[in-house]
Structure formats: structure tokens, C-alpha cells
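Given chain A's structure and the hints, the job is docking chain B onto it.
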Amino acid sequence: MNIRVTDIPAQTVGRIDVAHVSISLGEGADAFEAVRDLNFAVAAGELICVLGPSGCGKSTLLGALAGHLEVTQGQLTVDDQPLLGPSPDRGIVFQQHTLFPWKRVRDNVAFGPKMRGLGKAERRMAADQIPKLVGLEGFEKFYPSQLSGGMQQRVEIARVLINQPRVLLMDEPFGALDAQTRSLMQEVLLDIWTKIPTTTVFVTHDIEEALFLADRIIVMSARPGRVIDDIRLPFARPRHTELVTESEFVRLKRHILDRLRRPDGFSLLPRLSPLGVPAE
Amino acid sequence: MAVGRMVERVPGVRWLVRAGSILACIGLWQLASSLHVNLGIVTFRNVPPPTEVVQSAIVLLKSPKLLAHVSSSLWRVFAGYGAAVVIGISLGFAIGRSRTASDLLLPPLELLRPIPAVAWIPLSILIFPSSELSMIYITFIGALFPIILNTVHGVANIDRRLVASARSLGGTPAAILREIVLPGAAPSIVIGLAIGMGTSWFCLVTAEMISGQFGIGYYTWEAYTLQNYADIIVGMLVIGLLGMGSSWLLTTLGHHLMPWRHPTVAR
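First to last, the sequence lines map onto chains A and B.
Going by our numbering, the first residue of the first sequence is number 1, and it counts up by one from there.
Going by our numbering, the first residue of the second sequence is number 1, and it counts up by one from there.
Hints are computed from structural coordinates only; laboratory data are not their basis.
Any given hint could turn out to be false.
What the hints assert, rightly or not - Pairwise CB distance ranges (calculated):
1) Pro173(B) / Lys120(A): 18 to 24 Å
2) Arg99(B) / Gly85(A): 16 to 22 Å
3) Pro108(B) / Ser148(A): 46 to 52 Å
4) Glu137(A) / Ala174(B): 29 to 35 Å
5) Trp260(B) / Leu184(A): 25 to 31 Å
6) Ala119(B) / Gly117(A): 49 to 55 Å
7) Ala179(A) / Leu112(B): 55 to 61 Å
8) Pro11(B) / Ala121(A): 43 to 49 Å
9) Gly149(A) / Leu241(B): 44 to 50 Å
Heads up, the beta-carbon is just placed ideally off N, CA and C, and yes, glycines get one too.
So here's chain A without its partners, still in its complex pose (with noise of 0.2 Å):
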């Protein structure tokens, strides 16, 4: 019960295309253009920082990439697939957690496996692999408000991962983390992609751990989010914290800077969420 990924050669499967992709939220008299004609692709096993201002709508690209929310103009492919509806296929991670707080962590974990019909001593076994990647050894029959922030994130992350998603999509996982488990889960995340290379899409607003984590970033402009710039990061992997402090982080940082600040990549717009927008 090994992940899937791993078996089959690497970057086969979850190349993502934007095609000329525009998305409306809202109704009636409160509609609003929230991203507006993107038009880009990620390449299986790319690791893209999607990076703008609060309100850019780069969560609800998140959204519509897992399925939650719809498109109006142009198409979204994953492997040539159109995308029918939120599927185990396409693994989200919110921001603040959405573990089932009756479910202990395995059971959390188990839920994907659990979904697909699998029998109850195969979700343990594969409930009882993942958490050894993240690093959940010992936690497996804890309740998730027994955990730290960080904590539960890993737990999000190993549930998404032991469907074999195609892709990973991440909207600010580590937003509300504290600084230094913040970047601590960065790493953690490095690290499981490096042995799970999955094409992962990680939204942010944080420059710095864009060009952390990222291969490419995209930066988008204020509402209606467009595609600003598309930055290829030189850095080497295996990447540590020290990288932050190197000239090259330091200048490709200011150029960002410069690019979000100019007038039409900042705004002050309140935080949209990948369901669109939010109830109150």
C-alpha cells in the first residue's frame, strides 16, 4: 500500500492547463469579476507558487481547480481532462483546517480510502504509512482539536495525499500558523513533495515563502485577478531556511515587491475562499 505516484516514472500525470480562464462570483446586482482571462500551464510534478494581493482571486482559481466553483469563460484541464465536480483526483488544503472533528487522525486520514469502498484493516495499513511521511507517528488516535496548528495541517495534508492525487492545491495552508512552525511546514513540505513529486499549486501572499517553496511563481494583479508575471526560481534543491538570506532570494524579493506594488497589483480587497465568497 505504497503511494501510487512513487510507482509509475515521475511528472506522467497532473499537468494542469489554464486556458483563457475568467470566473464571476456572486449574483445579481453583487456580481463581480474575480480573475480575468489566466492563461498558463504547470507541468506534472511543477511545484507553482500562486502569489498577489488579498482579494486577487487567486483562491478562487484554488477553487475552481478542485471543483468547487465554476468557471464562465475558457477551460480548465487536468491531463486533458475538463474537470466535472470536486474529486479525490484534485486534493485541497484550506487555510484553517477542515478535519472532521469526530473522526481521530487515522480515521481522518482513512477517510479518502474509506470513500473508495476499502476494507477496514486496508485504511489502517495505508492510515497507519502516511503518517510516518508528515510526521504523525504517535498522534494517529489523537482528535483533531487535540493537535497544534501544525499538527492538523499535516494531518490535512497526508488525508489529500493518500487518495494519489494528481494534484495538490493549497490555499495559504500555513497562513495561520505562527512564523517559525510556518517555516518549519515549509520544509515538511519540501520534503514530502521531493518524495511524492506531485504537481502542486500553493496559493499565497507571502513573498518569501513563494520563493521558498516554489520552481515557478505566478503573481497576479488586484481584482479582477490577471497574470502579472511568471518567474522561473534558479535555486537548487534540496532548499533550507539559509536560502532567504541569498542575494539572489533578496533581489528576485524586491522585484516582486516592485511588480505588487505598482497600481494594478495592489488593493485592499477583503480575502476571497475557494467556495467562493464567503457566507457573511
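Positioned in the frame of chain A, the structure of chain B alone reads:
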């Protein structure tokens, strides 16, 4: 201040204070009824003292009447409340999950809801063939509304992010209902069950006083008409004990069904 702090520190002392408070109340009662205290608006002239009540309780405990009364009351609550649980939770789920069901079912229920269950007693005697069935119906109607409303509340307020997550993990609508909506609504449902249990007993005792043949409410009312005043209080105490027991059962059930609400053991 210093005494208060000491009391907080020693748990045994707090229990002593609590027990003392109960004993003091019983002592006051004994005093008031043996002296036939008349306070103008209330009089203890006909109130039996605790000592007499204890004697009557012992007599009732030894007679076969107790079992007959208690078991017929328990049966009525079991039947009426049980039906309310099944129907209330099902209706609550339908109304909370489906707009059509809500539009179809909610308006008539909202019209009936403000009518207190005991106001149903005369009509229910007319529409049911036996007084037994009409009493069960009163018990049912008393518990039904709190159960429906709290179920609707719990079901409708499920975190939509959890549902979205479950869909992304491959959950079918049926699985989401079972794995997410049911446990997510459980705390609210249990609150409805507890409120319903209280109103159930309240309605049953009233119904039994009016149309009962047996039952603990009937026993209490009969004691009044036969002027066995000590038995009135015995009846009241038995009703209190039954209510307490059933609410304890519900709380225990809640703890068992929702262990995640009180995770005391780490692993």
C-alpha cells in the same frame, strides 16, 4: 475572604456545604409543617412533614402499586417520546437538507408549534380510541417540536467547508449525510432530545392527572382526591427521580456517542 479561599482549596469542604444546604431545607420544611406556619399567601397547614412523607414512601415501596404506576408511566414515555425521536429526527433532516421538504413541511409545523402540548388533551381524547393512546400522543407532541427544531438547526449549520472537503475526498451525498452531517448535527440533536425529554414528562404527568387509570401522575392526583397528602409529595418525588434518571441516561448516551467532545485520554 480567607474562609472563601480555604473552601475553594479543600473539595471535601465544598461537598459538606452542599449537603448542609439540602439538610437545612429539609429541616425548615419539617419545622414549617409541624408548626403549621401560615405566611398569609401560603400556608403549611395541610403540608405533611418530611417524616410522614418518608413513612408513606416506605409503604408505597413495599406495595405492588408502585411498579404498576411507574411501569405504565415509563411505557407511555417510551412509546410517545420514542416516536417523537424517530419522526422528529427524520423530519429535521429532511427540512434541514432540502428546500422542497422545508417549504412543504415547515409551514404546517410552524402553525402547530405555538399550541402548548397540554392544550391538545381534549382533542386527543376525542380523536383516539383509548385514553392510553391519547396520553401517548400528548407525550409525543410535547417532545416532537424541540427535537425537530434542534435537528434542523444542527443540520442546517454544518460547516460547508467540511462538506466541501468531504466531496473533494470522494464522498458521495449518502456518505456525506452519514459521515459529516449526522455527527456534525449530533450535539444539537442531543440538546433537542434533552429538552424533549423534559417536556415529555411534563406533558405525561398532566395527561395522566386528567385521564389516567394508572401512572405516577394519576397516583399523585388520586392522593389529592383521597386526601392522602403525604402521598402527593411521594408522587412528586418519584416524578422528579424519573425525570432525573432519564436525563442522566441522555447525558450518558451523549458522552458515549460523541467522545470527541470530551477527549480526556490522549492516546
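A quick look at each hint next to the structure:
no.: 1; hint: Pro173(B) / Lys120(A): 18 to 24 Å; result: holds, 23 Å
no.: 2; hint: Arg99(B) / Gly85(A): 16 to 22 Å; result: holds, 20 Å
no.: 3; hint: Pro108(B) / Ser148(A): 46 to 52 Å; result: holds, 49 Å
no.: 4; hint: Glu137(A) / Ala174(B): 29 to 35 Å; result: holds, 33 Å
no.: 5; hint: Trp260(B) / Leu184(A): 25 to 31 Å; result: holds, 27 Å
no.: 6; hint: Ala119(B) / Gly117(A): 49 to 55 Å; result: holds, 52 Å
no.: 7; hint: Ala179(A) / Leu112(B): 55 to 61 Å; result: holds, 57 Å
no.: 8; hint: Pro11(B) / Ala121(A): 43 to 49 Å; result: holds, 46 Å
no.: 9; hint: Gly149(A) / Leu241(B): 44 to 50 Å; result: holds, 47 Å
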